[in-house]
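Each protein sequence line maps, in turn, to chains A and B.
Residue numbering for the first sequence follows the working numbering, starting at 1 and increasing by one per position.
Residue numbering for the second sequence follows the working numbering, starting at 229 and increasing by one per position.
FYI, nobody ran anything at the bench for these hints, they're computed from the structure.
Do not rely on the hints blindly, as some may be mistaken.
Stated by the list, open to error - Ranges of calculated distance between the beta carbons of each label pair, as one might list FRET restraints:
| # | chain 1 | residue 1 | chain 2 | residue 2 | range |
| --- | --- | --- | --- | --- | --- |
| 1 | A | 198 | B | 295 | 34 to 42 Å |
| 2 | B | 307 | A | 189 | 33 to 41 Å |
| 3 | A | 195 | B | 258 | 33 to 41 Å |
| 4 | B | 303 | A | 122 | 24 to 32 Å |
What the hints assert, rightly or not - Partial chain A-side listing against chain B, Cβ under 8 Å, derived:
| # | residue |
| --- | --- |
| 5 | 45 |
| 6 | 125 |
| 7 | 136 |
| 8 | 146 |
| 9 | 174 |
Said to hold, decoys possible - Which stretches of chain B does chain A cover? Using the computed rule of at least three CB atoms under 8 Å from a CB of chain A, they are:
| # | region |
| --- | --- |
| 10 | 244 to 252 |
| 11 | 280 to 289 |
| 12 | 300 to 310 |
For clarity, every value in this text was computed on a predicted model and none was experimentally measured.
The C-beta atom is built at its ideal place from N, Cα and C for all residues, glycine as well.
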Amino acid sequence: MTDFIDPQPAGRMLGTTASMDAASVRPPAPASDAPPPGTFQELLVATLPAAYGYALRLSRHRADAEDLVQEAALLAFRGAHGFEAGTNFKAWFFRIVTTCFWGRHRQQRRRPQTVDFDDTPDLYLYGRSAQTGLPYTGDDPAALLLDRLGTDRVADAIGQLPEEFSVVCALYFMEDFAYQEIADVLDVPVGTVRSRLHRGRKMLQKALWSVAQEAGIVGQLARREEGA
Amino acid sequence: MTILDRFTCEEAFRRIDDYLDRELTNGEMGLVHQHLEICEGCAREFRFEASLLDGVKRKLRQIELPDGFQARVLAALEREGLGG
Chain A
1 MTDFIDPQPA GRMLGTTASM DAASVRPPAP ASDAPPPGTF QELLVATLPA
51 AYGYALRLSR HRADAEDLVQ EAALLAFRGA HGFEAGTNFK AWFFRIVTTC
101 FWGRHRQQRR RPQTVDFDDT PDLYLYGRSA QTGLPYTGDD PAALLLDRLG
151 TDRVADAIGQ LPEEFSVVCA LYFMEDFAYQ EIADVLDVPV GTVRSRLHRG
201 RKMLQKALWS VAQEAGIVGQ LARREEGA
Chain B
229 MTILDRFTCE EAFRRIDDYL DRELTNGEMG LVHQHLEICE GCAREFRFEA
279 SLLDGVKRKL RQIELPDGFQ ARVLAALERE GLGG
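Between the sequences and the hints, there should be enough to build the whole structure, so can you do that?
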């Protein structure tokens, strides 16, 4: 009998998540009108921290992330009539942020891909950790590797993924969106989200391993485990 | 439930992402969970994946908002005659 495994309860993670609960405690706007400006602005303000976090993971630069959110906020206000009161404001705004990102990023040269993601097997990090003598059992077996990597290298690994996968992974890891909400943000079928997330997770594992090797972390941890 | 109703390792593994993301039906969640209770090998793999996803979320969500960020966004809206 094994002691397992209650998957992550939705909404448990803390961070930049801005609640949309504000919408539910206000009287509903008349269906035919745009929401009152105050309400719309409050929704936007509540979403700004989460949007900045998402934009930072997409753009990878703080100044670019702020510009991205600012551009999206302007577009959102100009297109406020397009938001249907009572629906998911965060998903609606994140869609605008994503559109702005695509618009800006299309003008930039793509970085060369440094990791070959073809045919990445399932459980890539689990298998590598087991082969190399890194922790792969216990209550939180990936914690040591991730702690040594740190936030910046983990973000770098996401940034190495091909774009259609890095965007869906950024949405997935930064927010507790359901697959359907991610599909709404990206305007793709939910099956596409499921498939991209599955492949994106595998690619991310390979990218994390590559980053850890380059940083010498794999060798350090393996030696540490040998000596333990 | 009989033993014939239980998932095999392959069937459980095929659902690993959806299980960890709670995207399965209640019935399927229960079947995967039951498999993990009796299969230490799969439980170890699922635990590693859960640890990894949770850890990546924790790392990526460590965001420090720039000072004055919200005020600058609102000021930009005001300059455009929006918000306020």
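How does the coverage statement for the region 300 to 310 of chain B fare against chain A, requiring three or more residues with Cβ below 8 Å from a Cβ of that chain? holds (count 7)
Is the shortest C-beta separation between residue 125/A and chain B less than 8 Å? With a closest approach of 6 Å, the residue 125/A hint holds.
Answer holds if the nearest beta-carbon of chain B is closer than 8 Å to that of residue 174/A; otherwise answer violated. Since chain B brings a Cβ to about 6 Å from residue 174/A, closer than 8 Å, the hint holds.
Hint validation: residue 136/A versus chain B, beta carbon distance must be below 8 Å. Holds or violated? This interface hint holds because 6 Å falls under the 8 Å limit.
Check the following: the C-beta atoms of residue 195/A and residue 258/B are separated by a distance inside 33 to 41 Å. Given a distance of about 25 Å, which is not inside 33 to 41 Å, the answer is violated.
Let's test the interface hint: is any C-beta of chain B closer than 8 Å to that of residue 146/A? Given a least distance of 4 Å, the restraint on residue 146/A holds.
Pairwise beta carbon distance, residue 307/B to residue 189/A, judged against the given window 33 to 41 Å: For residue 189/A against residue 307/B, whose Cβ atoms are near 39 Å apart, the range 33 to 41 Å holds.
C-beta pair residue 303/B, residue 122/A: status relative to the range 24 to 32 Å that was hinted: The hinted range 24 to 32 Å is violated for residue 303/B and residue 122/A, with Cβ atoms some 49 Å apart.
Classify the hint on residue 45/A as holds or violated, based on whether any CB of chain B lies nearer than 8 Å to its CB. Hint on residue 45/A: holds, closest Cβ of chain B at ~6 Å, below 8 Å.
Evaluate the given range 34 to 42 Å for the C-beta pair formed by residue 198/A and residue 295/B. Since the Cβ atoms of residue 198/A and residue 295/B sit about 39 Å apart, the hinted range of 34 to 42 Å holds.
Taking a Cβ-to-Cβ distance below 8 Å as contact, does the region 244 to 252 of chain B have at least three residues touching chain A? Per the Cβ count (7), the hint holds.
How about the region 280 to 289 of chain B: do at least three of its residues have a C-beta closer than 8 Å to a C-beta of chain A? Per the Cβ count (10), the hint holds.
Checked against the numbered hints given earlier, the structure breaks hints 3, 4 and satisfies all the rest.
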